[in-house]
Amino acid sequence: MKVKSKLLMFLLVCLTATVNAQYTVGVFGGINNSNLTGDAPTNVVYKSTPEYGTGLLAEYNITGDVRISFQPMFQRKGTIIAYSVFSEREPIDSIDINISYFSIPVLLKVYGGNNIMYVSGGFDLGIKFDASFRDINSSTELNVEDSFKDFDIAAIIGVGAQFRVGLLYVFIEGRYSQGLSNIRNQKEGEPEDLNLSLRTLGMQLFAGITYSFDSVQ
Amino acid sequence: MKFSTKRNLCNKLIYVFTFILLILPANVYETYGQEKPDRSDESTSADYSVIPSLGEHKFTPNSLVKDPFIKTYIRNSIGVGQALNLDVPVVIIDGQEVFGLRGDLVFASFDFEYHHAVKDWLAVWGKFNVLARLGNDTQALLTQGITAVTGFEFGWLFKLMEKEQTALSLSLSLENGSATIINLLDYINGIIEGDRSPNNSLVNKVQSLRGGSGLRFAWAANKLFGLYAMGELLYGQSAEVRGESEFFYNLGVVFDFDLSSFSELPLGILLGYNQSNLQSSGISNTFFFRIGYNSPGDLSIGIESSINKVPVKSLDKTLNAGLTKIMLRYYFE
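These protein sequence lines are chains A and B, in that order. Following numbering that gives the first Met the number 0, the residues of the first sequence are numbered contiguously, the last one being 216. Following numbering that gives the first Met the number 0, the residues of the second sequence are numbered contiguously, the last one being 332.
Simulated from the structure, these hints should not be mistaken for lab results. There may be inaccurate statements among the hints.
Claimed, not checked - In the EDC-like style, the derived pairs of lysine to aspartate or glutamate whose C-alpha atoms are separated by at most 20 Å in a straight line are:
(1) B:LYS70 / B:GLU332
(2) B:LYS70 / B:ASP110
(3) B:LYS70 / A:ASP92
(4) B:LYS126 / B:ASP110
(5) B:LYS204 / A:ASP92
(6) B:LYS118 / B:GLU332
(7) B:LYS158 / A:ASP64
(8) B:LYS118 / B:GLU161
(9) A:LYS186 / A:ASP149
(10) B:LYS324 / B:GLU112
(11) B:LYS118 / A:ASP64
(12) B:LYS204 / A:GLU89
Unchecked claim - Residues from chain A shown here face chain B by an in silico Cβ test under 7 Å; the list is partial:
(13) GLY37
(14) VAL105
(15) VAL109
(16) GLY111
(17) ASN114
(18) VAL118
(19) GLY120
(20) ALA154
Stated by the list, open to error - Take a look, some chain A residues computed to stay more than 12 Å from chain B by CB distance:
(21) PHE69
(22) PHE101
(23) ILE126
(24) LYS127
(25) PHE128
(26) GLY165
(27) LEU167
(28) LYS186
(29) GLU187
(30) ARG198
Cβ atoms here follow ideal geometry from the backbone N, Cα and C, with glycine treated the same way.
Start from the sequences and build out the full structure, keeping to the hints where you can.
Structural data, given as structure tokens:
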């Protein structure tokens with residue numbers, strides 16, 4: 000509860016700080032087709048898994064067509080670990096890894112000439128909430144929070160479109176997110192063979208509603 | 000089954016959305032009642048062209064040195080290459096000489112790029128490339144393990160300056176590469192030495208993530224002659240199993256001759272040189288030649304040939320490889 004209250008306060012401060020000056024606030028959510036890349040033990044394949052993300056956004060117009068966007072959000076990342084088995088042609092989905100993050104993407108958005116299409120790019124700092132390991136076959140679930148680092152930094156590039164609906168704007172955006180830092184936390188006593196370097200990866204599809212304080216112009 | 004279905008649906012949704020966004024700019028004008036730029040007069044004019052030019056010089060695109068122009072285009076190239084006279088040294092397994100022969104390596108390359116001009120000062124791009132070994136010689140296959148390399152790259156290109164005869168842009172990019180390596184020789188030696196750990200595996204998949212920045216420059220000396228130059232500095236993982244992060248550089252220059260400047264031939268001839276340490280095994284040098292057709296409007300197609308001198312760690316020598324590609328670039332604006 001304490002953590003949630005602090006996060007809520009942080010979000011409110013973020014939003015009110017920008018609302019007073021200008022320009023756009025909103026909510027959004029969507030799916031994150033998440034995966035891990037990096038070192039894989041022998042006979043192991045990482046497969047993407049559909050996760051979700053949702054958050055608030057606050058944007059500031061630097062110029063008429065360039066905005067800086069803060070998008071504090073909760074999102075889940077993870078992967079399906081599939082093992083190659085001698086008797087099967089395809090690797091068998093065996094373990095579901097989920098990592099929850101409170102993340103703060105800071106993006107630069109540049110709108111095209113028609114003010115509908117835009118591209119976005121920037122960085123996303125993720126702060127880990129928890130991490131779980133689930134055996135798909137037996138549904139056994141374990142907390143593996145210690146196996147992952149507290150922070151994840153990712154680069155984001157996206158393309159989206161926004162449409163005006165009355166006083167509001169509705170947007171839809173596709174993003175590619177590539178983790179830049181190793182999220183694996185090597186624990187003491189673990190064999191060196193498990194000292195794997197892992198990065199997050201995601202294809203994300205988000206939609207949301209925004210309100211621009213200068214939209215009445 | 001449940002996970003696969005969800006995953007497939009998720010993938011399909013994202014691909015469909017991306018496709019819609021790609022085709023959307025063409026329809027957005029009509030849907031929202033904005034005036035679509037009228038090019039009907041321009042397209043009938045011989046002067047209308049979206050192929051990059053500075054002054055009176057029309058630049059021919061190439062795949063060796065990236066250009067600084069803020070344009071919307073798709074580029075596709077497909078090619079075949081061969082590493083010639085690859086001397087395979089005497090291979091020793093468990094103290095016994097197994098073979099020491101000469102062989103060739105044949106490989107195919109494919110890449111696709113979409114480059115989109117968002118503003119007249121900003122473009123974004125995404126690129127996908129594959130290099131796969133076709134291999135026709137057992138000994139060479141045994142000692143040279145890389146069988147497939149795939150890569151995805153995206154980036155932003157900012158125009159810093161454009162004058163009558165010069166253009167300069169700054170790029171920011173992120174590359175995610177993946178190499179599949181089959182190393183039979185090391186695997187067998189590992190087994191003989193009793194190494195049964197996961198580190199000693201027959202097939203290794205190596206990821207390399209790199210990010211960096213670069214400058215791209217173009218200069219039009221006159222109607223006939225132009226020049227491209229490029230310098231990039233990247234930081235990231237080396238393409239080796241559990242490789243460390245390091246800095247990489249990529250430098251290149253291409254001399255561009257536009258034959259249409261003094262004749263009726265709509266051809267461009269390019270000569271270029273590139274040096275980099277992107278291969279992780281040392282400094283590689285590339286000598287480049289291209290002859291291409293530039294349409295009066297928006298298409299450029301050409302044949303590119305290059306000779307690559309790439310150091311190979313495991314053989315302790317430089318590999319000479321020739322690569323020939325057909326490269327097509329279509330400009331939208």
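Here is what the structure says about each hint:
{"no.": "1", "hint": "B:LYS70 / B:GLU332", "result": "holds, 6 Å"}
{"no.": "2", "hint": "B:LYS70 / B:ASP110", "result": "holds, 18 Å"}
{"no.": "3", "hint": "B:LYS70 / A:ASP92", "result": "violated, 43 Å"}
{"no.": "4", "hint": "B:LYS126 / B:ASP110", "result": "holds, 7 Å"}
{"no.": "5", "hint": "B:LYS204 / A:ASP92", "result": "holds, 19 Å"}
{"no.": "6", "hint": "B:LYS118 / B:GLU332", "result": "holds, 11 Å"}
{"no.": "7", "hint": "B:LYS158 / A:ASP64", "result": "holds, 16 Å"}
{"no.": "8", "hint": "B:LYS118 / B:GLU161", "result": "holds, 14 Å"}
{"no.": "9", "hint": "A:LYS186 / A:ASP149", "result": "holds, 13 Å"}
{"no.": "10", "hint": "B:LYS324 / B:GLU112", "result": "holds, 15 Å"}
{"no.": "11", "hint": "B:LYS118 / A:ASP64", "result": "holds, 9 Å"}
{"no.": "12", "hint": "B:LYS204 / A:GLU89", "result": "holds, 17 Å"}
{"no.": "13", "hint": "GLY37", "result": "holds, 5 Å"}
{"no.": "14", "hint": "VAL105", "result": "violated, 15 Å"}
{"no.": "15", "hint": "VAL109", "result": "holds, 5 Å"}
{"no.": "16", "hint": "GLY111", "result": "holds, 5 Å"}
{"no.": "17", "hint": "ASN114", "result": "violated, 9 Å"}
{"no.": "18", "hint": "VAL118", "result": "holds, 5 Å"}
{"no.": "19", "hint": "GLY120", "result": "holds, 6 Å"}
{"no.": "20", "hint": "ALA154", "result": "holds, 5 Å"}
{"no.": "21", "hint": "PHE69", "result": "holds, 19 Å"}
{"no.": "22", "hint": "PHE101", "result": "holds, 23 Å"}
{"no.": "23", "hint": "ILE126", "result": "holds, 21 Å"}
{"no.": "24", "hint": "LYS127", "result": "holds, 20 Å"}
{"no.": "25", "hint": "PHE128", "result": "holds, 22 Å"}
{"no.": "26", "hint": "GLY165", "result": "holds, 15 Å"}
{"no.": "27", "hint": "LEU167", "result": "holds, 16 Å"}
{"no.": "28", "hint": "LYS186", "result": "holds, 17 Å"}
{"no.": "29", "hint": "GLU187", "result": "holds, 20 Å"}
{"no.": "30", "hint": "ARG198", "result": "violated, 6 Å"}
Figure legend: structure checked against the earlier numbered hints; hints not met, in rising order: 3, 14, 17 and 30.
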